[in-house]
Amino acid sequence: MSAAAAPVRPRRNRFLAGARLLLGSPPALFAALVLVGVVLVALFDDQVAPSGANDVDVQQRLQPPGAGHWFGTDDLGRDVLSRVVLGAKVSLQVGVVAVGFSLVCGVLVGLFAGFYGRWLDTALMRLMDVLFAFPAMLLAIAVIAILGPGTTNAMIAIGITYTPVFARVTRAAVLGVRESVFVRASRSVGASDPRLLFRHVLPNALPPIIVQTSVSLAFAVLAEAALSFVGLGTQPPAPSWGRMLAEGRGYVDLAWWIAVFPGLAIVVLVLAFNLLGDGLRDVLDPQQRSALEAARARSGRRRRRTPGRTS
Amino acid sequence: MTALAVRRTLQAVVVLLGVSVVTFALVHLVPGDPVRLALGTRFDQATYDALRERAGLDQPLVVQYLQWIGRAVTGDLGVSFRSGDPVTALILERLPATLSLALASILVALLIAVPLGTASALRPRSFVDGAATVLSQIGISVPEFWMGIMLILLFAGTLGWFPSSGYVPFTEDPALWLRSLVLPAVTTGLVSGSVLTRFTRSSVLEALGAEHVRTARAKGLPPRAVLDWHVLRNALLPLVTVTGVQLAYLLSGVVVVEIVFAWPGLGQLALQAVEARDYPVLQGAVLLFAFVFLLLNLVVDLLYSRLDPRISA
Amino acid sequence: MRRRTVLTSLAASSIAVAGCSTGEGVDTGGAGETGGGGGGDAAAFVAAISAQPDQLDPHKTTAYASFQVLENVYDTLVVPSADDLSMQPSLATGWTTSDDQLTWTFTLREGVVFHDGSPFTAEDVVFSYRRIIDQQLANSARFASVADVVAQDPTRVVLTLSAPTPNLLSNIGGFKGMAILPRSVDEASLTTKAVGTGPFRLESSGAGEIALTRFEDHWGQAPSIDGVTFQFITEPAAALTALTGDQVQWTDNVPAQQVASLAGDDAVELGQVASVDYWYLAMNCAKAPFDSRDVRRAVAFALDREAITEAARFDTARVNQTAIPEGSEWHHDYAPFTTDVDQAKSLLAGAGVGGPLTMGLMVTSEYPETVTAAQVIASQLEPLGITVDIQTEDFATWLDRQGRGDFDAFMLGWLGNIDPADFYNEQHRTDGPNNYQKYSNPVTDDLLDRAGVEGDRATRKSLYDQAAQQIVDDVSYLYLYNPDAIQAWKPGITGYETRADKAVDFETVTLPS
Chain A
1 MSAAAAPVRP RRNRFLAGAR LLLGSPPALF AALVLVGVVL VALFDDQVAP SGANDVDVQQ
61 RLQPPGAGHW FGTDDLGRDV LSRVVLGAKV SLQVGVVAVG FSLVCGVLVG LFAGFYGRWL
121 DTALMRLMDV LFAFPAMLLA IAVIAILGPG TTNAMIAIGI TYTPVFARVT RAAVLGVRES
181 VFVRASRSVG ASDPRLLFRH VLPNALPPII VQTSVSLAFA VLAEAALSFV GLGTQPPAPS
241 WGRMLAEGRG YVDLAWWIAV FPGLAIVVLV LAFNLLGDGL RDVLDPQQRS ALEAARARSG
301 RRRRRTPGRT S
Chain B
1001 MTALAVRRTL QAVVVLLGVS VVTFALVHLV PGDPVRLALG TRFDQATYDA LRERAGLDQP
1061 LVVQYLQWIG RAVTGDLGVS FRSGDPVTAL ILERLPATLS LALASILVAL LIAVPLGTAS
1121 ALRPRSFVDG AATVLSQIGI SVPEFWMGIM LILLFAGTLG WFPSSGYVPF TEDPALWLRS
1181 LVLPAVTTGL VSGSVLTRFT RSSVLEALGA EHVRTARAKG LPPRAVLDWH VLRNALLPLV
1241 TVTGVQLAYL LSGVVVVEIV FAWPGLGQLA LQAVEARDYP VLQGAVLLFA FVFLLLNLVV
1301 DLLYSRLDPR ISA
Chain C
2001 MRRRTVLTSL AASSIAVAGC STGEGVDTGG AGETGGGGGG DAAAFVAAIS AQPDQLDPHK
2061 TTAYASFQVL ENVYDTLVVP SADDLSMQPS LATGWTTSDD QLTWTFTLRE GVVFHDGSPF
2121 TAEDVVFSYR RIIDQQLANS ARFASVADVV AQDPTRVVLT LSAPTPNLLS NIGGFKGMAI
2181 LPRSVDEASL TTKAVGTGPF RLESSGAGEI ALTRFEDHWG QAPSIDGVTF QFITEPAAAL
2241 TALTGDQVQW TDNVPAQQVA SLAGDDAVEL GQVASVDYWY LAMNCAKAPF DSRDVRRAVA
2301 FALDREAITE AARFDTARVN QTAIPEGSEW HHDYAPFTTD VDQAKSLLAG AGVGGPLTMG
2361 LMVTSEYPET VTAAQVIASQ LEPLGITVDI QTEDFATWLD RQGRGDFDAF MLGWLGNIDP
2421 ADFYNEQHRT DGPNNYQKYS NPVTDDLLDR AGVEGDRATR KSLYDQAAQQ IVDDVSYLYL
2481 YNPDAIQAWK PGITGYETRA DKAVDFETVT LPS
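Those sequence lines, one after another, are chains A, B and C. Residue 92 in the numbering used here sits at position 92 of the first sequence, and the numbers go up by one each step. One gets the numbering used here by counting positions in the second sequence from 1 and adding 1000 to each. One gets the numbering used here by counting positions in the third sequence from 1 and adding 2000 to each.
So here's chain A without its partners, still in its complex pose:
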């Protein structure tokens, strides 16, 4: 693993170079812009949304998109644009909290299992295998059946469901750096275990974890939508994209806009997380990175050539 040499390099420059490399790829740039946009919308939802998300006005129901309501109104006369805007907050919240939960739990499990090995590894990873053996959606549904439906419980359910993935990714990365020259050297000069784990092992194991985080955010947004779609996630009248799809699907042929806009919103956000994950993988994977840098350098020279002929 060449990554063992990484901490010796000046970190900041590497980060900046990485960021430049990342944003140099059009898909990742697109993803970053979308995510910044969604976060801004979620932060300033009240300012952005033209009206309250729950302003029921039955007289105004099923209005098509137009000047008054850009995205039209739903079956209760609520402004779809406002609900999509407020739904962004729910989706992001659920995604971030749920993935944060699996990240913390999974990384800790993976760190300890990978670093200490032996029986602890076996015990922890078998437990993860057990959790992993459940179909994700079903496990989430079962957890919600116990805790009761709702946004918070959906976060916990999704968080539990995706914990094993982080544990596995972290453990694999830790195994890769555990026996590296660098870590062995630190150990030999008497560095304590926590110091070793969090100062040396974890940072070197970070790249795949970061990639996994981005990909998991995409999954979490999808999972929240699915849970809300079957009525187990976010509860009405709170606007959640999954719920809006569930409410809108009965109206697709009368009022396509109720289901189409939140559906598109899900696709765009999930796509952004996925693209960012891809971009991060390209940048953070050392092998890919050198190839990428080389390719960039080449395409810089041959800017007018059509893509696909670079080789």
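These are calculated hints, taken from the structure and not from any lab test. Please note: incorrect hints may appear among the correct ones.
Computed footprint of chain A on chain B; a stretch qualifies when at least three of its residues, placed anywhere within it, have a C-beta under 8 Å from a C-beta of chain A [unchecked claim]:
no.: 1; stretch: 1103-1111
no.: 2; stretch: 1146-1155
no.: 3; stretch: 1266-1273
no.: 4; stretch: 1290-1296
Calculated cross-link-like contacts (lysine to any residue; reagent style SDA-like; alpha-carbon spacing at most 20 Å) [as the list claims (entries may be wrong)]:
no.: 5; chain 1: C; residue 1: 2287; chain 2: C; residue 2: 2433
no.: 6; chain 1: C; residue 1: 2193; chain 2: B; residue 2: 1092
no.: 7; chain 1: C; residue 1: 2345; chain 2: C; residue 2: 2288
no.: 8; chain 1: C; residue 1: 2193; chain 2: C; residue 2: 2286
no.: 9; chain 1: C; residue 1: 2490; chain 2: B; residue 2: 1159
no.: 10; chain 1: C; residue 1: 2193; chain 2: B; residue 2: 1084
no.: 11; chain 1: C; residue 1: 2438; chain 2: C; residue 2: 2288
no.: 12; chain 1: C; residue 1: 2287; chain 2: C; residue 2: 2162
no.: 13; chain 1: C; residue 1: 2438; chain 2: C; residue 2: 2413
no.: 14; chain 1: C; residue 1: 2490; chain 2: C; residue 2: 2264
no.: 15; chain 1: C; residue 1: 2193; chain 2: C; residue 2: 2138
no.: 16; chain 1: C; residue 1: 2193; chain 2: B; residue 2: 1158
no.: 17; chain 1: C; residue 1: 2193; chain 2: B; residue 2: 1088
no.: 18; chain 1: C; residue 1: 2193; chain 2: B; residue 2: 1085
no.: 19; chain 1: C; residue 1: 2193; chain 2: B; residue 2: 1159
no.: 20; chain 1: C; residue 1: 2490; chain 2: B; residue 2: 1158
no.: 21; chain 1: C; residue 1: 2490; chain 2: B; residue 2: 1160
no.: 22; chain 1: C; residue 1: 2490; chain 2: C; residue 2: 2288
no.: 23; chain 1: C; residue 1: 2490; chain 2: C; residue 2: 2318
Idealized CB from N, CA, C, for every residue including glycine.
Please build the complex by placing chains B and C on the supplied structure of chain A, with the hints as guidance.
For chains B and C alone, coordinates are given in the frame of chain A:
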């Protein structure tokens, strides 16, 4: 090889036991009294106690677990609270629908993924590659239930080519079976296909980048010429793994898609069991899912190690 | 060269897909035109219902989906007529009542056989009724006044009552929950099997569908269709597409918002009848602050029923502040509440509820209209300073919480009631079995008790009217609306009628030739 097989199998059995404990615990943590729910709104205490006793719910949890798992080994998963049917029979009844959908979805996925993934790997950064990348990215990002609704709207509603929902058993009418299968299989197949396309692309790329291929390329052979069986074999190895995992995922019941298409599969059974607090059915279904998942993973593992002699640890 | 490889494989896959669709298209055409091929499905009749029956034991199930199937399999002694729901002979051809109203003698139809070939006799009636009474099954309250059931001879059954019961006929015939089973039946098998005397016999019940076949030895005219297949399609849009796509011939899973457009659609026949169902909001009379009559009345004044009804049902329901719909002979025109937020506020203030108030409103995804209505209710109670916390539960949890009294308020409906006693007794009498809101008013109890035994129809109606008024004024239930029964079927199908009690009877259906 044999030692590996034995070890993997033992591991799988241990995990399965763990799964059974977690399943049992999860199901019994679900609030709501299943006996009360089974009896409806009105009943007398004697009936209540009788049913409780018959279901073994008056026993300590440990005893209940041991009884359940003991019988489960023999294929007896108990009887449904709701209908009184044996759980095994209920599951077997649903199995053809789930199997049909899972296999058809994988077929659709592979039909998309192998040609598209190979094509884009052969000409990276070409138009085909770009289109495949964009489409597979979108495919992964689209919620399945949303895709299902859109497909129903277009192909069942507007065009009227396929039924919007429902399942016809193969034994009843093979033609109708196929027709009922198309939309749900395409829905899940498109998503799985997107995942597999990406894997095919990257593994073909990797195989093409392998040393002997690079040598061949360096000698001036065009990529097409070096795309021989060896490359494909190496490229398809990872695909076997991922396909296996996807199949396991699909077999476990694509719960939400089954709901959208009114597909009487195992996922729907499990969801209904959750709603009705039908402990035996829920336990049985979840255990079966996990079993299938572990089994497929085991098979994939062993197959992989057989195909790729480098792996032995 | 490379390109060609790719194109070939892509083309191959698209041909495979196209191949399917073409082949299938031809197949549909064949089935649609004649159906005469090898399948022999000439008279197949497929009905799409929205849920799978929980079980098929008529005495135990309470699910509407079960009764949609059982209606065609079982019979009762008497049966509600399609036009005004008055009780008509069925397995009983006639009945006499003693002067003191305490002894009812039913004469049974002769020559009736069960699906298993055994003859129908008075003993089967006794067996069936005793089963309900002795095992305290779902509908045992309907026999509350029945002291004894005796088979006088093979064709005569005598019911002895402890008190006059003017609505005995609707009690024993209102729906198939009072079905007659053969006394030889294996009770445990009834959850999935059925042995009745109805026009269809249960062929198979499975996860995706339930199949019935014509019972040739039916005591009435044997049906003209070979059988009925019930398919479970949860998604209303899917059910409708299945209907227009010829996969099903009948469905009751018609989305309310589609009714207006379907009415003008030649491809679909629409049956729309005001039903006896009603939907309501109930607040917990045993829990502060909803134990205060004024608080409940404040809520009743704050709601705009028109908007709620419009939101939940479009134009397919009628606002009603009482339970029994207009058009029923038992309807009582009483509507004391008008939307008046000021009045509501002063009632709240008078009740000593100063600060903001939170009301947990329990609804269920099983009945999506409750979720829809709850959101409108929430927005209407907001100006009153009441924050509605909508709690969507699956039906199992919902029932459990209802049973335990663990709620501030809930919304649900009652289906298929016929006699006023059905509408009020169990729901509003102190300690009534369905009085989950714990309403108790001696005045109401007394009115209901007197009405229950009153033989004179006019007096009985006036007593029930008074009881209804009391119930509405006390807001035991906050009645919202009566929905229409909406069903749709393929044009050309005759002999089917949409009924106010939503009983689904395919006995006389004929398919277009």
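For each hint, the structure was consulted:
no.	hint	in the structure
1	1103-1111	violated (count 0)
2	1146-1155	holds (count 4)
3	1266-1273	holds (count 3)
4	1290-1296	holds (count 3)
5	2287/C / 2433/C	holds (18 Å)
6	2193/C / 1092/B	holds (19 Å)
7	2345/C / 2288/C	holds (17 Å)
8	2193/C / 2286/C	violated (42 Å)
9	2490/C / 1159/B	holds (19 Å)
10	2193/C / 1084/B	holds (11 Å)
11	2438/C / 2288/C	holds (12 Å)
12	2287/C / 2162/C	violated (36 Å)
13	2438/C / 2413/C	holds (17 Å)
14	2490/C / 2264/C	holds (14 Å)
15	2193/C / 2138/C	holds (19 Å)
16	2193/C / 1158/B	violated (39 Å)
17	2193/C / 1088/B	holds (18 Å)
18	2193/C / 1085/B	holds (11 Å)
19	2193/C / 1159/B	violated (39 Å)
20	2490/C / 1158/B	holds (18 Å)
21	2490/C / 1160/B	holds (16 Å)
22	2490/C / 2288/C	violated (52 Å)
23	2490/C / 2318/C	violated (27 Å)
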